[in-house]
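For the record, the sequence lines run as chains F and A. For the first sequence, the working numbering assigns the number 1 to the initial residue and increments by one for each residue that follows. For the second sequence, the working numbering assigns the number 348 to the initial residue and increments by one for each residue that follows.
Treat the hints loosely; a few may be bogus.
[Stated by the list, open to error] The following residues of chain A were derived to be distant from chain F, with all beta-carbon distances above 10 Å:
#	residue
1	ILE350
2	LEU377
3	GLU385
4	ALA415
5	ALA475
[Said to hold, decoys possible] FRET-style restraints, in silico, Cβ to Cβ:
#	chain 1	residue 1	chain 2	residue 2	range
6	F	LEU105	A	GLY406	19 to 27 Å
7	A	GLY390	F	PHE25	19 to 27 Å
8	A	GLY406	F	MET86	42 to 50 Å
9	A	ARG384	F	ALA287	18 to 26 Å
10	F	TRP44	A	ALA388	38 to 46 Å
11	A	ARG384	F	LEU209	57 to 65 Å
12	A	GLY390	F	ARG224	50 to 58 Å
13	F	GLU89	A	GLY406	53 to 61 Å
14	F	LEU125	A	ASP389	42 to 50 Å
15	F	ASN73	A	GLU403	33 to 41 Å
16	A	ASP389	F	MET86	39 to 47 Å
17	A	GLU403	F	GLU89	34 to 42 Å
18	A	ARG384	F	PHE25	30 to 38 Å
[Claimed, not checked] The list that follows gives simulated cross-link-like pairs (lysine-lysine, DSS-like), each with its CA atoms no further than 30 Å apart:
#	chain 1	residue 1	chain 2	residue 2
19	A	LYS370	A	LYS386
20	F	LYS217	F	LYS190
21	A	LYS413	A	LYS399
22	A	LYS413	A	LYS386
23	A	LYS498	F	LYS70
24	F	LYS173	F	LYS190
25	F	LYS173	F	LYS141
26	A	LYS399	A	LYS418
27	A	LYS386	F	LYS70
28	F	LYS40	F	LYS173
29	A	LYS418	F	LYS173
30	A	LYS370	F	LYS217
31	A	LYS399	A	LYS386
32	A	LYS370	F	LYS70
For the record, the hints were derived by calculation from the structure and aren't laboratory data. Ideal Cβ placement from N, Cα and C applies to all residues, glycine included.
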Amino acid sequence: MASANEPLTTTGYISHHLQNLVCGFGENGLECGGAEIAEKYGFWAFHMDTVIWALLLGSVFGFFFWRVAKAANSGVPTRFQALIEMIVEFVDESVRDGFHGTSRLIAPLALTLFVWIFFMNFMDLIPVDWLPELAVASGIKYQKVVPTTDVNATLGMSIGVFALIIIYSLRFKGVGGFLSELVMNPLNPKQLGMPVIFWPFVMAFNFLLEVVALLAKPVSLGLRLFGNLYAGELIFILIAIVFTAGSGLFAAGLSSVFGDAVPWWFWFSGLLAVGAVLLANYRGKLAMKPTLVMLAGLMLAIGGAAFLGGQLMHFGWAAFHILVILLQAFIFMMLSIVYLSMASEHH
Amino acid sequence: MNINATLFLQTIAMMIFVWFCMKFIWPPLLKAMDERREKIADGLAASDRAEKALAEAEGRAEEEIKEARNKAGDILDQANQRRNQIVDEAKDEATAERQRQVSAAEADISQAANQAREELRASVATLAVAGASKILEKEIDENAHRELLDKLIAQI
């Protein structure tokens with residue numbers, strides 16, 4: 001939804017959803033806003049929402065894992081501890097499989113990346129309008145709640161991994177080893193038996209190739225995560241538009257009854273009705289088939305065919321997206337491990 | 348979509364979280380998990396050992412029971428023998444005792460008979476004297492004598 005005083009259009013809705021809350025430090029202190037702030041401060045602007053949510057979700061990871069780690073002992077684990085240990089075990093195994101050196105950093109790094117990215121991705125499953133609407137209602141103009149749909153966040157993490165790749169290369173291969181890997185691969189002039197005169201050309205050619213290959217690692221790492229999540233978010237927004245556009249059997253009639261703004265009690269009573277049906281089903285008073293029929297009927301009654309279709313598509317995409325967010329977190333972790341493993345091995 | 352300083356803020360945040368995880372989360376969790384693994388392995392090994400010991404003890408117990416059973420049989424046999432022996436001895440003793448008592452009784456009887464006979468003999472003499480004196484007092488009458496003699500005989 002665009003900010004309150006603008007008319008609601010499809011373009012406005014989408015661009016509002018894709019606009020970060022940009023902030024910058026200027027002569028007026030901290031300034032926050034949309035695209036105009038980004039333009040004013042250029043590179044030194046930063047996305048307040050991305051930073052806040054990333055820090056918040058990272059702290060959630062840190063807090064819960066720390067609490068379990070503090071109380072961990074070799075006795076019988078609690079259920080929550082067992083869950084945490086399952087994740088740790090999984091990451092530990094992945095690290096053992098992927099990294100063939102010894103490093104005290106790799107495993108905690110992998111765990112942090114995996115859980116943190118999963119949490120940040122998970123924000124995608126919160127209905128797209130909730131938090132932005134809440135922010136608008138409380139006076140914050142823009143709010144993009146999924147940090148991993150911000151290319152800055154994903155590239156920021158991959159830069160961290162890239163820095164570690166360089167550090168590991170230098171540490172395990174030495175400066176000479178690292179440089180020779182850059183210039184003596186893939187065409188090794190010594191092995192090819194070339195005259196020394198040609199060496200600089202071959203080495204320059206190798207260097208070009210290797211630097212591109214080296215830089216491709218962090219860039220692809222960051223952009224893969226960003227692209228997947230951005231696309232997922234966009235599809236949620238598009239599905240939401242199918243509904244908010246108000247097309248359908250019933251919804252057009254809804255605005256003819258209530259005017260432009262549908263009153264809150266209409267939504268609230270719809271919510272109560274859906275809740276009552278689900279509760280009755282849970283208590284066993286309603287069989288599965290009539291439950292589904294009643295839910296579909298309620299959706300139709302509330303917002304027409306478009307609403308029903310929108311709900312079904314939301315559900316389907318969200319169910320599929322659970323796979324995507326987990327998989328992307330895992331891929332980011334696994335590739336970081338593999339890159340660092342490659343950096344610490346001699347070829 | 349613009350690249351800006353968020354990049355570095357995110358990198359800094361990542362470094363902080365990785366440091367936190369490295370220092371406060373990973374080591375204690377891994378330590379606890381390794382310790383538990385060791386504990387479980389120990390427990391399994393102990394249960395294996397206990398199982399083996401149990402089987403061994405069962406074998407030993409069976410052997411001991413068999414031995415005890417044999418011993419009990421031996422003891423029973425011995426007891427039977429001893430009982431028979433005791434019974435035999437008792438029987439012999441009883442027979443001897445009876446023999447002894449019988450012979451003692453016989454001796455008593457014969458002694459009593461002898462004594463009676465002696466006494467009889469003694470009284471026969473006095474009776475004969477008394478009878479003779481009475482006969483001598485009266486006339487000797489065959490019938491009267493007869494009567495007298497019968498009386499005499501009856502007195503014996």
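Just double-check A/ALA415 for me: nearest Cβ-Cβ distance to chain F has to come out over 10 Å. Per Cβ check, A/ALA415 is outside 10 Å of chain F; nearest 45 Å; holds.
Hint consistency between A/LYS413 and A/LYS399 [alpha-carbon to alpha-carbon, up to 30 Å]: Given pair A/LYS413, A/LYS399 holds - Cα atoms ~21 Å apart, limit 30 Å.
Starting from the range 30 to 38 Å, see whether the pair A/ARG384 and F/PHE25 falls in it by beta-carbon distance. 51 Å, violated
Can the restraint linking A/LYS413 and A/LYS386 be considered satisfied, given a maximum Cα separation of 30 Å? 40 Å, violated
Straight-line Cα separation of F/LYS217 and F/LYS190 no greater than 30 Å? At roughly 28 Å apart (the allowed maximum being 30 Å), F/LYS190 and F/LYS217 satisfy the hint.
Tell me if the beta carbons of A/GLY406 and F/MET86 are separated by a distance inside 42 to 50 Å. 43 Å, holds
Range hint compliance [Cβ, F/GLU89 to A/GLY406, 53 to 61 Å]: 42 Å, violated
30 Å Cα cutoff - pair A/LYS370, F/LYS70: 12 Å, holds
Hinted pair, alpha-carbon criterion (30 Å max): F/LYS40, F/LYS173. Please report holds or violated. It is violated: about 44 Å lies between the C-alpha atoms, which goes past 30 Å.
Between A/GLU403 and F/GLU89, does the C-beta distance stay in 34 to 42 Å? 38 Å, holds
With a cut-off of 30 Å on the C-alpha distance, tell me whether A/LYS399 and A/LYS386 pass. 20 Å, holds
Note whether the CB distance of A/ARG384 and F/LEU209 lies within 57 to 65 Å or breaks it. 46 Å, violated
When held up to the earlier numbered hints, the structure conflicts with 1, 2, 3, 6, 7, 9, 10, 11, 12, 13, 16, 18, 22, 23, 25, 28 and 29 and fits the remainder.
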